[in-house]
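Protein chains in written order, with this note's numbering: chain A, 44 to 368; chain B, 44 to 368.
Please note: incorrect hints may appear among the correct ones.
Copies of the same chain look alike in the list, so a pair counts if it fits in one copy or across any two.
[Unchecked claim] Straight-line alpha carbon distances no greater than 30 Å define the calculated BS3-like cross-link-like pairs of lysine-lysine that follow:
id: 1; residue 1: Lys127; residue 2: Lys65
id: 2; residue 1: Lys127; residue 2: Lys139
id: 3; residue 1: Lys170; residue 2: Lys60
id: 4; residue 1: Lys311; residue 2: Lys331
id: 5; residue 1: Lys68; residue 2: Lys127
id: 6; residue 1: Lys276; residue 2: Lys139
id: 7; residue 1: Lys286; residue 2: Lys68
id: 8; residue 1: Lys267; residue 2: Lys83
id: 9; residue 1: Lys311; residue 2: Lys200
id: 10; residue 1: Lys232; residue 2: Lys170
id: 11; residue 1: Lys321; residue 2: Lys276
id: 12; residue 1: Lys321; residue 2: Lys286
id: 13; residue 1: Lys68; residue 2: Lys200
id: 14; residue 1: Lys362; residue 2: Lys139
id: 15; residue 1: Lys170; residue 2: Lys68
id: 16; residue 1: Lys68; residue 2: Lys276
id: 17; residue 1: Lys65; residue 2: Lys200
id: 18; residue 1: Lys45; residue 2: Lys267
Hints were generated in silico from the structure; no laboratory data involved.
The lines below spell out each chain.
There are 2 protein chains.
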Amino acid sequence: MKTFNEISQLVANELEKINWNKEPKGLYEPIGYVLSMGGKRIRPALALMACNLFSEDLQAVVRPALGIEIFHNFTLLHDDIMDKADVRRGKPTVHKRWDDNTAILSGDVMQIAAYQLIADTPANVLKPVLDLFSQTAAEICEGQQYDVDFENRENVKAEEYLEMIRLKTAVLLGCALKTGALIGGAGEKDAQNLYDFGINIGLAFQLKDDLLDVYGDESTFGKKIGGDILNNKKTYLLIHALKLAKGNDLQELQNWLNIAEENQSEKKIKVVTSLYNKLGAKQICEEKMEFFYTKAIANLEKVSVSTNNKQELRNLAEKLMLRND
Amino acid sequence: MKTFNEISQLVANELEKINWNKEPKGLYEPIGYVLSMGGKRIRPALALMACNLFSEDLQAVVRPALGIEIFHNFTLLHDDIMDKADVRRGKPTVHKRWDDNTAILSGDVMQIAAYQLIADTPANVLKPVLDLFSQTAAEICEGQQYDVDFENRENVKAEEYLEMIRLKTAVLLGCALKTGALIGGAGEKDAQNLYDFGINIGLAFQLKDDLLDVYGDESTFGKKIGGDILNNKKTYLLIHALKLAKGNDLQELQNWLNIAEENQSEKKIKVVTSLYNKLGAKQICEEKMEFFYTKAIANLEKVSVSTNNKQELRNLAEKLMLRND
Chain A
44 MKTFNEISQL VANELEKINW NKEPKGLYEP IGYVLSMGGK RIRPALALMA CNLFSEDLQA
104 VVRPALGIEI FHNFTLLHDD IMDKADVRRG KPTVHKRWDD NTAILSGDVM QIAAYQLIAD
164 TPANVLKPVL DLFSQTAAEI CEGQQYDVDF ENRENVKAEE YLEMIRLKTA VLLGCALKTG
224 ALIGGAGEKD AQNLYDFGIN IGLAFQLKDD LLDVYGDEST FGKKIGGDIL NNKKTYLLIH
284 ALKLAKGNDL QELQNWLNIA EENQSEKKIK VVTSLYNKLG AKQICEEKME FFYTKAIANL
344 EKVSVSTNNK QELRNLAEKL MLRND
Chain B
44 MKTFNEISQL VANELEKINW NKEPKGLYEP IGYVLSMGGK RIRPALALMA CNLFSEDLQA
104 VVRPALGIEI FHNFTLLHDD IMDKADVRRG KPTVHKRWDD NTAILSGDVM QIAAYQLIAD
164 TPANVLKPVL DLFSQTAAEI CEGQQYDVDF ENRENVKAEE YLEMIRLKTA VLLGCALKTG
224 ALIGGAGEKD AQNLYDFGIN IGLAFQLKDD LLDVYGDEST FGKKIGGDIL NNKKTYLLIH
284 ALKLAKGNDL QELQNWLNIA EENQSEKKIK VVTSLYNKLG AKQICEEKME FFYTKAIANL
344 EKVSVSTNNK QELRNLAEKL MLRND
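Looking at chain A on its own, in the form it has when it is part of the complex (with noise of 0.2 Å):
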């Protein structure tokens, strides 16, 4: 069994050896890019994780892991076009530095690449892992366009932002732990459990993220605090805001929704969260957070290897709940 830090130094590695110095330039550049921005990698070290609870070799599973992780990197170089984000991990993002047409192209070649590692799967498991994998990337795509249409509805409700969060976030994670499952040798069963793990880890992750940007630490966040607030984001937060509020707290909170003006920001953000805490929308949505964790273990659990060889998994998931970036 090797540790989180050995396995995240594996990724690092491999990751590294894929070759983005090719003709045309203008195509391969941008993906080599982005991926030099680094990341935490999460996604093709839960895959490894996953396939080394089944199997001492890991040899398999590298390649489909970094398809995974290449992918989520594509889905988000298109993203930000989408959302006109000028700025990711400290650096211009593709479309900046380059133009929209750049990051479009370079975005489509990166998904194919990610087929090309994802086709490297021992041919015993490459048509579920396929599946599996297609079929997580059409609900990312899904998921993004929910997130768009939210921002467009004013009665989204807790369970559609979940929903939403479950196919944009969640999916990759236990598609991850599934692939690396069935390389690894792991039966239906194993394999599913690994994936709901990887579901409830992921909306559990989703959630903090939604809690860090209003009430995390900037110097260590990496992001602005506030963003959120600042962009009416019907997060899990203003979801239940909106639907506790009564009276004059209510009326606050959409007067508050209405201004846009800069120099209203910090204004707008303390009131916004002071609201969250009376209304409890913070306590709720930590409560939520728990509650996936929660159900994450109990998956976990249900996964028929010896608790010793699962301690690796359980420390990385409690490790994404208590981050503070």
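Given the coordinates of chain A, work out where chain B should sit on it, guided by the hints.
Frame of chain A, contents of chain B only:
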């Protein structure tokens, strides 16, 4: 053996059966729209015809063939954003009817849908078909990138242009034919000869397109004649005209390349066309088209099935060369 018309009908029926009426509508509706615009469906027809050379059972090739057609339509969708093209086949393009973000995301999920169909290739040839498809898909992106790069380059060589159209257009015809052959049970040699047949037909097809853009009949061609000339597109015709022109001819050609006024459009098309004629660029392009067509037919002749059974493919190749639309 089925005729081309029978196969076209089969392709149209099977394409019709795919359900795009799914949620979220904003993601899937544009795909149904794009596919409803029509098109010759040459690529899936080629896949079925190639399969039919080796097998009477075409069921196994249908879904991969549709995957190739959907991939082709995905490239048109994203190319139209990049080219800021407002109209395709007489209808508003997706980014015009919806918006850029919709066109990006619907295109992304179309690419995934293409892979889902390719993944239904029979297990015994899944890996080679999948690898060929991914390689082809990446090459098409490379071709598009070269096409974009050439816009800002003065000195594009004829060989570079041919390599660009090989990547952008020809490889998908080759891929369709080889996919059909592999699924039909062809040996590697026959599959490769059919691939080469596709490459050479594709090159001839694109040179024919360049010729039609200048010498076609607007009423049958379906788009305005002279578009390439007005855009100073570095086609095989222009590249050769620039290479052959001397003295006053060169001066005149270069002057017209610098003229972009709309009220000069008709005159520009007329003068540049006569220069193509005078300099022999038209003849060179026609001869090169014939050259690739002849090579294609030679590739087809090498395929180890009866001449009679290859007649439909030979007819189709001829039709593509003699077409005026």
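Comparing the hints with the structure gives:
1. Lys127 x Lys65: both (28 Å within a copy, 27 Å between copies)
2. Lys127 x Lys139: Result: close both inside a copy and across copies, 9 Å intra and 19 Å inter.
3. Lys170 x Lys60: both (26 Å within a copy, 23 Å between copies)
4. Lys311 x Lys331: within (25 Å within a copy, 67 Å between copies)
5. Lys68 x Lys127: both (24 Å within a copy, 23 Å between copies)
6. Lys276 x Lys139: both (23 Å within a copy, 27 Å between copies)
7. Lys286 x Lys68: between (51 Å within a copy, 27 Å between copies)
8. Lys267 x Lys83: within (19 Å within a copy, 52 Å between copies)
9. Lys311 x Lys200: within (23 Å within a copy, 59 Å between copies)
10. Lys232 x Lys170: both (18 Å within a copy, 26 Å between copies)
11. Lys321 x Lys276: This pair counts as within: shortest intra-copy Cα distance 19 Å, inter-copy 64 Å.
12. Lys321 x Lys286: For Lys321 and Lys286, the Cα distance is within 30 Å only inside one copy (13 Å; across copies 76 Å).
13. Lys68 x Lys200: Result: close only across copies, 18 Å inter versus 45 Å intra.
14. Lys362 x Lys139: Neither. Shortest intra-copy (33 Å) and inter-copy (45 Å) distances fail the 30 Å Cα cut-off.
15. Lys170 x Lys68: between (33 Å within a copy, 28 Å between copies)
16. Lys68 x Lys276: For Lys68 and Lys276, only the inter-copy Cα distance (21 Å) is at most 30 Å; the intra-copy one is 37 Å.
17. Lys65 x Lys200: Between. Shortest inter-copy distance 20 Å satisfies the 30 Å Cα cut-off; intra-copy 47 Å does not.
18. Lys45 x Lys267: Neither: 36 Å inside a chain and 64 Å across chains, both beyond 30 Å.
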